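Protein chains in written order, with my numbering: chain A, 1 to 573; chain B, 1001 to 1071.
Worth flagging that the hints you see were computed from the coordinates, not collected in a lab. Any given hint could turn out to be false.
To be clear about the criterion: a stretch of chain B counts as covered by chain A if any three or more of its residues have a C-beta under 8 Å from a C-beta of chain A, and this derived list gives those stretches [what the hints assert, rightly or not]: (1) 1005 to 1015; (2) 1018 to 1032; (3) 1035 to 1042.
Every value quoted in this text rests on a predicted model; they were computed, and no experiment measured them. Don't be surprised by glycine CBs; every beta carbon is placed ideally from N, CA and C.
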Amino acid sequence: MIETLPPAFILIVGAVLLACLPGRVRPTAFIVLAALAFAQTLRLSDGARLTSTYAGFDLVLLNVDQFNRIFGIIFGLIGVVAGIYAWHVRSRGEQVVAMLYAGGALGVTYAGDFMTLLFYWELMAVASAGLIFARNTGESRAAGFRYLLVHLFGGSLLLGGIIWHQIEYGHMEMLGRLDPQFTGAWLILLGVALNAAIPPLHSWLPDAYPRATVTGAIFMSALTTKSAVYVLLRLFPGWEILVWGGVIMALYGVVYAVLANDIRQILAYHIVSQVGYMVAGVGIGTALSLNGTAAHAYSHILYKALLFMGAGVVLHTTGKSKLTELGGLGRYLPLTLWLFMIGAFSISGFPLFNGFISKSIIVSAAGYDHREAVMLLLLLASVGTFLHTGLKIPVFTFWGPDSGLRPKAVPRNMHLAMGVVAFLCIFYGVYPAALYQLLPYPIDYQPYTLAHLIEAVQLLTFTFVGFWILRSKLAGESFIAIDTDWFYRRGLRGIGSGLVTAVNTIFSAGVRAREAVVGFVATQAVNPYAPPVSPGQPVPVFNENEHRPPVGRALALTVVFLLLLAGLLLARG
Amino acid sequence: MKTWHWIVLVIPTVVTIGLQLFGPEHPHPHAWDVIPGFYVIYGFVGCVLIIVVSKALGKGALQKREDYYDD
């Protein structure tokens, strides 16, 4: 039983338990429950399987193999670390939805059939929206609703594809790569691509993540896009469209990160960029590139969580997150600065940090597959990554002119969580074999070759030189950059209002016509003996002396009737 | 930046270009690997291009007032 217990069950039952616990013990209970789920991801071995039936469908609630093992472990691990980072939070709702969300991600990871996948997919969407609503500002509520609607749309695409799959193949099981000839697979791809934030379906991410709670953003940065990457890895390896989708993503995020002003939005655009490497790895589809995708997802979750934690400390202690409002904080937050820089060195692919040992697998795989253009464009995206995350954010947040902000004390648990993740970023960078042994396929890859080191040193050094010369151009500006969310926030307004206004006009004309008819019938059907009612006046109390018609009127009618009857009878003779 | 900062940047550049010229051959060379210091050029030009192109896109089309979506 314990060998096949889905970790998602621990977290979902745990969420119910958390909801009942008092605030004092809840943060600790969160960590303990997350640790139990993490321990379970480590215990599960390849081939573990748990099946059930529901409404005539065969469900595979748990199916462990070499593809999902690594994703399960990192999702389990990040739940524990994010729990430590959020230890000072006392908000019941936020803690419960965070745990449900982590449960959803682990459910998606181990789901063996499409029904189970869809259930956990929607659970993730709803629970993670809660982490945006929990920020409790007008802006975050609006962003939360947009996020929820976009994800429900994606879930519907997925559902459509799943139903099509059932019709086409007569079963729901996820048996591996989908055939591009099967049209329903494209619907599934669109649904998954939305969660993986592939442009133009990505704009929910930089819209929502900067508006989530400080601690909620850690869960979000780790779970939604990477669980979608896992599903891509399982269902769409070698789909050529993903190679270019991934390359476009990698550069798209870089361009928008130049324009963004909010530090968490810069980091969010770099999720799009980094996930681009993973998507390209799926598209290339060789054993090495798929290994690269899995490895980079693992590394990315660690360093991106670390970066969001650093940005979260800035926001938590100063209440600000825009570059235009920040500056000179390094003096007051030295530990945060250096922990953040470890994340920045990792994402930028500095040797001895974990980004280097995973990103280089994908870039090398593109090279071995003779995709020179892909390789060069991915290297260009690395330049942008260092430029923003390694240089722009720290220079304008921690150095630069003093903004006058005096950060309040940092909760120790925040730094502890950052320290754990920073340690892991360096650990895997120095000892890549620890990560490589978890990969889906056996790997014989050496990241620390002379050629790789020369490449990294030259690229990074001269990215810095370029930055230093043009640094004044990169200072934050009090603008927003419109992205594809423009279409549902602004562009569709004309069409939307056309549809809504026209329908409303017809509908209200109908309502008015109906009310006129009803009003006319009502006046005709009124009791002639009831007291007269005038509009706007209270209904008068019936007074028999005043309102009852005189008896004489009835008698007169009776007499007239009798006379007529008599006359009629006489006439008939 | 002080002078010694620049020296810190020059040393790895010179060393890596030297290794490309006189060190062991690249195990899986691509067309561009024949150019010594290729990644020096690529890193610098790429960095400048990213900044200039993105800023041009921003100024030309994408950047709006912060309250753009509010009304």
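Status of the hints after comparison with the structure:
Residue count for the region 1005 to 1015 of chain B with a Cβ under 8 Å from a Cβ of chain A: 3. That meets the three needed, and the coverage hint holds. Here's how the region 1018 to 1032 of chain B fares: 10 of its residues keep a CB closer than 8 Å to some CB of chain A, so the rule of at least three is met and the hint holds. Coverage of the region 1035 to 1042 of chain B by chain A holds. Counting CB-CB distances below 8 Å, 6 residues qualify, and the rule asks for three or more.
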